[in-house]
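2 protein chains.
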Amino acid sequence: MDFSSFLTSLGTSFLIFVLLMLLFTWLSRKPGNVVVYYPNRILKGLDPWDAYGGSRTRNPFAWIGEAMSATEQDVISMSGFDTAVYFVFLSTVLRILVLSSIVLLPMLLPVAVTDDSVKSTTATTSNGTFNDLDKLSMGNIRRRSPRLWAFLIATYWVSFVTYYLLWKAYKYVSVLRADTLMSSEAKPEQFVILVRDIPLALRGQTRKEQVDSYFNTIYPQTFYRSMVVTDNKEVNKIWEELEGYKKKLAHAKAIYAESRRTGKPEARPTNKTGFLGLFGAKVDSIEYYKEKINELIPKLKSEQNLTLREKQQDAALVFFTNRVTAASAAQSLHDQMVDKWTVTDAPEPRQLLWNNLKIKFFQRQVRQFVVYVIVALAILFYMIPIGFISALTTLDNLKKLLPFVKPVVNLKALRTVLEAFLPQIALIIFLALLPKFLLILSKAEGIPSVSHAVRAASGKYFYFTMLNVFIGVTVGGTLFSTLKTIEKNPNSVVTILANGLPGNATFFLTLVALKFFVGYGLELSRIVPLIIYHLKRKYLCKTEAELVEAWYPGDLKYGTRVPGDMLIVTIVLCYSVIAPLILPFGVVYFGLGWLVLRNQALKVYVPSYESYGRMWPHMHSRILAALIIYQVTMFGYFGAKKFVYVPFLIPLPILSLVFGYACSRKFYRFFRDMALEVACHDLNQIPNMDQVFRSFIPPCLRSKELDDDEFEDALSP
Amino acid sequence: MDFSSFLTSLGTSFLIFVLLMLLFTWLSRKPGNVVVYYPNRILKGLDPWDAYGGSRTRNPFAWIGEAMSATEQDVISMSGFDTAVYFVFLSTVLRILVLSSIVLLPMLLPVAVTDDSVKSTTATTSNGTFNDLDKLSMGNIRRRSPRLWAFLIATYWVSFVTYYLLWKAYKYVSVLRADTLMSSEAKPEQFVILVRDIPLALRGQTRKEQVDSYFNTIYPQTFYRSMVVTDNKEVNKIWEELEGYKKKLAHAKAIYAESRRTGKPEARPTNKTGFLGLFGAKVDSIEYYKEKINELIPKLKSEQNLTLREKQQDAALVFFTNRVTAASAAQSLHDQMVDKWTVTDAPEPRQLLWNNLKIKFFQRQVRQFVVYVIVALAILFYMIPIGFISALTTLDNLKKLLPFVKPVVNLKALRTVLEAFLPQIALIIFLALLPKFLLILSKAEGIPSVSHAVRAASGKYFYFTMLNVFIGVTVGGTLFSTLKTIEKNPNSVVTILANGLPGNATFFLTLVALKFFVGYGLELSRIVPLIIYHLKRKYLCKTEAELVEAWYPGDLKYGTRVPGDMLIVTIVLCYSVIAPLILPFGVVYFGLGWLVLRNQALKVYVPSYESYGRMWPHMHSRILAALIIYQVTMFGYFGAKKFVYVPFLIPLPILSLVFGYACSRKFYRFFRDMALEVACHDLNQIPNMDQVFRSFIPPCLRSKELDDDEFEDALSP
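Sequence lines, in order, name chains A and B.
Position in the first sequence (from 1) plus 1 gives the number in my numbering.
Position in the second sequence (from 1) plus 1 gives the number in my numbering.
I should point out that these hints are in silico values taken from the structure, not numbers from a laboratory.
One thing to keep in mind: the hints can contain errors.
Stated by the list, open to error - Capping the alpha-carbon separation at 25 Å, the derived lysine to any residue pairs in SDA-like fashion look like this:
id: 1; chain 1: B; residue 1: LYS667; chain 2: A; residue 2: ASP180
id: 2; chain 1: B; residue 1: LYS667; chain 2: A; residue 2: GLN314
id: 3; chain 1: B; residue 1: LYS341; chain 2: A; residue 2: ASP180
id: 4; chain 1: A; residue 1: LYS169; chain 2: B; residue 2: PRO200
id: 5; chain 1: B; residue 1: LYS667; chain 2: A; residue 2: LEU625
id: 6; chain 1: A; residue 1: LYS341; chain 2: B; residue 2: LEU658
id: 7; chain 1: B; residue 1: LYS172; chain 2: A; residue 2: GLY460
id: 8; chain 1: A; residue 1: LYS667; chain 2: B; residue 2: LYS172
id: 9; chain 1: A; residue 1: LYS172; chain 2: B; residue 2: LEU625
id: 10; chain 1: A; residue 1: LYS361; chain 2: B; residue 2: ARG204
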């Protein structure tokens, strides 16, 4: 790729972004779109346009002002603590990159541009990745040049800036977490612990009696009651069927009401009873659904009773009347065999994965191991196709392989655009397929809560991204282009890797630019959800509930955002000293991301769970991992430059490991366990324990028909 | 070493053992020696000879019957739980070796002896380590022989026997620990937690107020009181000086009384006041010491007050009125910063290392790291001398290096004995120097209790033993003798190692025999303590207290015993298949050890601390480590035998790791933390909390002169 195609790519990206932003300004003004652009405010019962005293001054940049002026507490109250932690992550990386830029750009660019290694050697220009940008990179420095000292100092500067800001951020998040957790509003899950691996009950003892007597002995004063986990598969199926019919009934009724309004009262809606409503006998929908519902209600009730009585599992939720006891109980060993009566703090009711609770201790270990093996295989076998894709998707290769694209490609303008985007688009689509698969795998490990499963999936996605995209593209790209050299001398791999990194700088530059301009442009403008919403509204939705379902925004999905961001962090850090020009791109990526997502967090996305920042330690250690990759890369690259003072770089990775160890020793445990000092803060009001207990009953077991007393009886048979 | 010198060595060892046992029988009958052979019974207030209905039937083997018939509860009540766990370790290893012997000896010896690889190849006979025993070892099997299948099956048998018995033993110890801990007698330390890293107090708040208010907020119902740890260095010095003078005064008075009895009433004892009592003015001892004591008592009192008021440290002992709360508090995170208000369960008062309590969290980490580096260096630098020693201490080498020993060595009988013992004795003396040094290092890590420091030292000693003795001798011995082969072809090291192992079998056989016959013989007969006691009694001791001090036996010192035993376990396991003849030696070692030490535990040693079996997980994982070394060695050795089915051995080390992981997941945490189920068992009587509190006051701060109320005031100023 030459310099002009790089500029074209950049220009196109920017143009798309500007277009999308204007589209956003225009579309978000229309009252009909308000549910797409302000769903979070609507669901919270706020006036969509009256944010932060902005009234209706719909100038194109009003949202920027609003995003900037929103405080952390606004974010927490509108979008939850996890989202606030995600912004701490974004702003920490942003600060690292800004502080690095301030020193690196004025120091390194003049040093690089006034040397002339690129012109004088032929080796660098021959491998096809040379472009005018190389003059601004470390590649332009001659070997053994004393100018390399500037780059060595820069390497240290970036490292220390990262340590300082990461330490500050960890401390900040830790304090913020404590403040949020010690808030005087009682959160139901703070009074509950989750007990798994309950051993077999004694003869003549029900599961519930067993649990109650066990915890009553240990906590005679603070034990409130217990809820034995049941196998809800059957009852949940019936309940979902029932809910489905209820929705369909409402839908059919709305169609009928509409057709009566439009003057065709005889046209009652009908449907077929067979597969997908395409086959079978034609029936009157309203009558049919009513009948089905009447059939299912008693069935559900009897199944609920059956489930509560017969399908008790060896897991339970235990309720305490006291936050401190619950926090302390969740951390303490209860049985002398560690694999029995295992306790953890209970997650929020809405994010409990009920079906996982019954999985046994050692089965969880085995499942985890099997999942890791599957993920490792997935990472290994995706490596090959990605290597091929990055080697094949040059236009010259495409023309050779697919001769029929030649006429299209030969158009000058199109060719430049294609050349710029082709490899990156392949990569991005490729990565979009993965997260769902990884989330399913993580849930299969036996993890008890959604947020934990998301964290686990996010970790797997991170490893995938790092190994396959970053290392795969870097090594793959250079290995394909320098295969002949390696064949002759296998030991040259290290040198080739270090030499090959700067060659891929422009690839990654365009990737970053594409991600922030097009990615954040699409994010802000919400084109896709908007189109889907309008299509649904026009052709499918008949009832109010269906309409809400059509525009319901979902959550921020930081589980997949963080690995994507981490790829950018790693790329930018690794190239920060080699090609400092990447730093402004990184700054724009994280700056723009912070702005756009703050707008989205405040106005669009609705959090679907809350883990009180448990993601932070992972973000922290992954930034540190990126830093270590960068430090090792620099060690290799300085070695390739034959710089004799390269041993000065050895302390850096060691320092990073020590720093990471110190951080995890000082802060980590509070992100896993609740500190008693935090739990013992006074509550505004003594919580209604019955309400706490009720909030944990799964929806399929809740029932208006079931009387309260009956439920009590059913739960304590 | 040839076969006859091996037999001589064995015979000599056995002769020494028989002699020592007869000596024991004879000496232990004499009433004057009763304090040397039965101190534990005397201190417990029992009749020394009336053990287990044995009355005075002093037949030479009575002690064996008594050791055999003693139950586990006898051992626990006489010598503590840690000793009982040590016997579980001994009997587990014994069972592993017996079960292995039963299969391996009849299966492998006939297979080995009927092959003839040793005769047919010249390589094995030429390196000087060949002897008649080789015919009974795997070295006698031809390469690629199908007979190797028998040895492969034997490798699996030993592994599975070990897994099975280790699992059973871990479970057994775990249940035993629970039973002992849940006993209805209240142990003071079960009501106490140790708090370290207390942050700076608020202005105008004393340390004690700070601690009290902190724990009162979290545990309003169960908090009893706290004791702030003080810097006792000064007061302890004065106290020890005072105690020293008190002893000297009693000694002088006893001398004076004696001289008056013998008719020389004018001869009052005198001493010199200068260095070591050798220089300075001559004074009347009784007057001088009385004066000194009268000087020191008020000094001690004022220093006690000063210490309690001014020298408070940032650590404290916190007392609860409830076992469950204390157990739960010791496991819970208290402050959101993990390095503040760190809690652990309190050790027994007698084993608290007061000076370590004040060391800060991160300083402990740094100290630990520094100590590990020092230990690693020690291990590395001792490697070289040990390698030399094992290469030099052959008689031929000695004769070359020290020509003047030639006439001594040329005596046939002496020569055989020397040849048998020389290398082993050098090694044993060498190892005896180390444990003290390692214990000092472990205490310098900042560990709060003696038992923990002993465990840490024991671990270091284990690594030292394994690396320096086992691997050092095996590799060193073979490397020196086959240096020329390696010079020509460095890749042959693996083959040489695998070939060299059987060559060292006789060395290790003699080592094991020496250790059990001479080592346990000396242990049983207590010759050295006996001589020391009689010398002291005759020349030094004048008072009753001095006499008790002279025969006070100390504890079992399993901290250094276990690494020694582990060396034997590793040796016997590694050679179990290669030279199965080592198995009976191992069986005798652990059988005799079990017997002799059981006698000593019941009658001699007095436990100086109690950790309720916390050593067990380390013993367990070290046996497993020995097993893995054995499995890897076997893999190498089968490879050297060019056995094509050698990959069948690969699953074994993996299985061992999985087994170790499963064990530690299932059992380990209960050995670190107290299970609440165990803690919640009812107590016989509600403990006197004031007594519990008082038991934790260090001796130098206890004082008759200080009134109770004063002490209260002083502790809560």
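Please verify whether LYS169 of chain A and PRO200 of chain B have alpha carbons no more than 25 Å apart.
holds (19 Å)
What's the verdict on LYS667 of chain A and LYS172 of chain B, does the C-alpha distance respect the 25 Å limit or exceed it?
It is violated: about 34 Å lies between the C-alpha atoms, which goes past 25 Å.
Restraint check for LYS341 of chain A with LEU658 of chain B, where alpha carbons must lie at most 25 Å apart:
Answer holds: LYS341 of chain A to LEU658 of chain B is near 22 Å, not above 25 Å.
For the pair supplied as a hint, LYS667 of chain B and LEU625 of chain A, confirm whether the alpha-carbon distance does not exceed 25 Å.
This hinted pair is violated, its Cα atoms lying about 33 Å apart.
LYS667 of chain B paired with ASP180 of chain A [C-alpha distance capped at 25 Å]
violated (36 Å)
Do the alpha carbons of LYS172 of chain B and GLY460 of chain A lie within 25 Å of each other, as the hint requires?
violated (35 Å)
Hey, LYS667 of chain B versus GLN314 of chain A, does the alpha-carbon distance stay inside 25 Å?
holds (21 Å)
Mind checking the alpha carbons of LYS341 of chain B and ASP180 of chain A for me, to see if they're no more than 25 Å apart?
Judged against 25 Å, a Cα distance of about 17 Å means the pair holds.
Is LYS172 of chain A close enough to LEU625 of chain B, meaning Cα to Cα at most 25 Å?
violated (41 Å)
Going straight from one Cα to the other, do LYS361 of chain A and ARG204 of chain B come out at no more than 25 Å?
violated (51 Å)
The earlier numbered hints that this structure contradicts are 1, 5, 7, 8, 9 and 10.
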